[in-house]
Amino acid sequence: MALGDCWKQLSWFYYQYLLVTALYMLEPWERTVFNSLLISVAGMAIYTGYVFMPQHIMAILHYFELVQ
Amino acid sequence: MAIITAPGTVRVHLNGLKRDDSGRNGCHGGREKNGPRVGVGSSQHSRHETFEQPPMYVAVMTYVGYGIVTLFGYFRDFLRAVRIEKCNIAQEREDQKDFTPLYQDFENFYTRNLYMRVRDNWNRPICSLPGPVFDLMERVSDDYNWTFRFTGRTIHDVINMGSYNYLGFAENNPDFLKTVADHLQKYGAGVCSTRQEIGNLRMHEELEQLVADFLGVESSMTFGMGFATNSMNIPALVGKGCLILSDELNHTSLILGARLSGATIRVFKHNNMLSLEKMLKEAVCSGQPRTHRPWKKILIMVEGIYSMEGSVVQLPEILALKKKYKAYLYLDEAHSIGAVGATGRGVTELFNVNPADVDVMMGTFTKSFGAAGGYIAGRKELVDYLRGHSHSAVYASAMSPAITEQIIRAMKCIMGKDGSTEGIRRIRQLSENTRYFRSRLKELGFIIYGSDESPVVPLLLYMPGKVVAFAREMLARKIGVVVVGFPATPITEARARFCVSAAHTRDMLDQVLHHLDEVGDGLCLKFSRRVFSSRPEL
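Top line first, the protein sequences correspond to chains A and B.
Under numbering that gives the first Met the number 0, read the first sequence as residues 0 to 67, first letter to last.
Under numbering that gives the first Met the number 0, read the second sequence as residues 0 to 537, first letter to last.
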């Protein structure tokens with residue numbers, strides 16, 4: 000029951016995303032192309048963040064002389 | 000005839016297809032732009048017109064949406080160019096590929112890549128009378144709107160919110176149409192000649208006399224086509240050496256007529272009296288460019304109701320300006336004749352001005368009278384001159400007898416000459432419907448443009464995806480709406496345009512409003528940030 004509601008809500012959000020970005024006007028394969036591009040760029044950004052975040056945080060703390 | 004010191008430049012604005020957004024009137028900064036500030040005196044009743052601006056994210060996402068679709072347009076054009084994909088639209092022939100390209104400009108790009116994708120929302124074939132409800136033929140497309148096929152089913156009783164049927168005269172009741180049928184039987188369908196040759200029927204003269212009485216002017220002349228009335232008569236009135244001051248949002252027929260005439264055209268900001276006065280001052284002081292001779296004529300061209308905005312012209316201020324600077328006024332009442340005013344006489348009645356003050360009154364019979372054609376009315380000298388010198392009068396074939404009789408009976412009905420109160424009832428019903436519809440839409444939280452009197456209600460949708468989804472959703476709920484996007488409107492202001500009719504019952508309007516409420520929530524269209532109370536006096 001809750002899963003059904005959750006699915007409906009997610010479906011509505013996806014519909015809003017399609018409308019706002021005008022993907023609603025495009026054919027399904029174009030939507031797939033755009034979505035995969037968007038997800039791959041977002042995924043790469045998250046992965047880069049994951050790999051480099053500890054180094055960046057250590058460098059900031061070192062600059063503010065909170066850790067040696 | 001002052002000789003100016005600074006060089007005067009001619010700024011010819013092309014108010015053609017692409018209008019940029021910068022010309023909005025009465026800048027206040029902040030989210031709501033009120034109606035324009037008045038330059039010369041103000042009318043007794045303050046007409047409240049607002050053009051509310053949406054939140055910032057709406058404008059940003061509109062551009063983002065158009066950007067994405069344009070990028071995909073380039074991608075698909077590339078695929079078509081390297082022959083991975085078949086090209087379904089017109090292309091040059093193989094042996095003409097080296098000639099000047101025909102289909103590379105923006106308009107063709109836009110048609111190929113944006114309009115074709117979603118064109119099932121326009122040109123829908125109807126198969127009944129365009130009254131308050133009508134029938135549509137159901138059509139589907141198997142290849143993303145390149146071709147259509149009819150399923151054979153009809154969608155019955157779709158509520159019609161798109162026809163210009165303001166007074167409900169698009170009807171097929173045999174009692175009302177009896178005289179029309181009689182005349183059709185007596186005179187046939189066509190006239191087969193022009194007015195100047197053998198096509199001048201007695202009923203054409205009767206119609207012209209009736210139109211002149213209706214408007215309260217000396218004389219009038221009717222033509223078979225409303226667009227041709229504007230585009231063919233303006234060249235007869237002005238020519239080279241004259242100046243035309245035309246409103247930013249004038250209809251294409253006015254623009255075409257102005258360009259055909261060869262006069263200098265200057266565009267003033269929409270409904271902005273300060274801009275108009277500045278231009279008039281400059282025109283009178285500097286005269287024609289380069290020679291600085293005085294202009295032969297200055298003609299101000301405005302419309303009664305602007306059909307894309309729903310805004311009403313500021314007639315008293317324009318008349319005051321016109322008298323002060325000795326210009327002429329051309330008033331195009333295509334949408335306002337029969338639809339505004341206490342007895343349907345148009346904007347002159349709405350503002351309580353003498354119709355003799357307007358030099359050229361033009362209107363069409365397509366909207367409020369349920370027929371086709373246009374008229375030009377004014378002083379007798381003007382109309383007699385046009386009879387001889389207008390292209391439309393001399394060359395166009397005369398109005399069909401059945402249509403002429405339809406206009407005569409509709410006009411007699413409005414004026415009350417047929418002995419019933421049907422006309423005045425319709426006008427009152429239209430006024431009530433307009434007020435009700437507009438106020439309820441504002442309450443629901445949509446952004447509506449225009450004045451509270453105009454039966455044309457543009458509802459702003461902004462984003463291209465939402466425009467298309469709106470039209471499809473409303474059709475699924477059996478309501479027919481007209482959605483308009485670029486190039487008829489600025490690119491960020493796509494809208495749905497509702498035309499309220501006297502034939503709509505309160506029940507139909509409630510149904511439409513209920514569905515609008517649901518669709519507005521489902522598509523997140525309620526952008527208005529005004530807090531609207533239905534009891535403001537409390």
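Hints are computed from structural coordinates only; laboratory data are not their basis.
Be careful, since some hints might not be right.
Straight-line distance between alpha carbons at most 27 Å, and here's what the computed DSSO-like set of lysine-lysine pairs gives [as the list claims (entries may be wrong)]: (1) B:268 - B:322; (2) B:325 - B:295; (3) B:268 - B:321; (4) A:7 - B:321; (5) B:177 - B:239; (6) A:7 - B:477.
Since this is a predicted model, take the numbers as computed values, not measurements.
Structure-based check of all given hints:
no.: 1; hint: B:268 - B:322; result: holds, 20 Å
no.: 2; hint: B:325 - B:295; result: holds, 11 Å
no.: 3; hint: B:268 - B:321; result: holds, 17 Å
no.: 4; hint: A:7 - B:321; result: violated, 61 Å
no.: 5; hint: B:177 - B:239; result: violated, 48 Å
no.: 6; hint: A:7 - B:477; result: holds, 25 Å
Comparing the model with each earlier hint shows violations of hints 4, 5; every other hint is respected.
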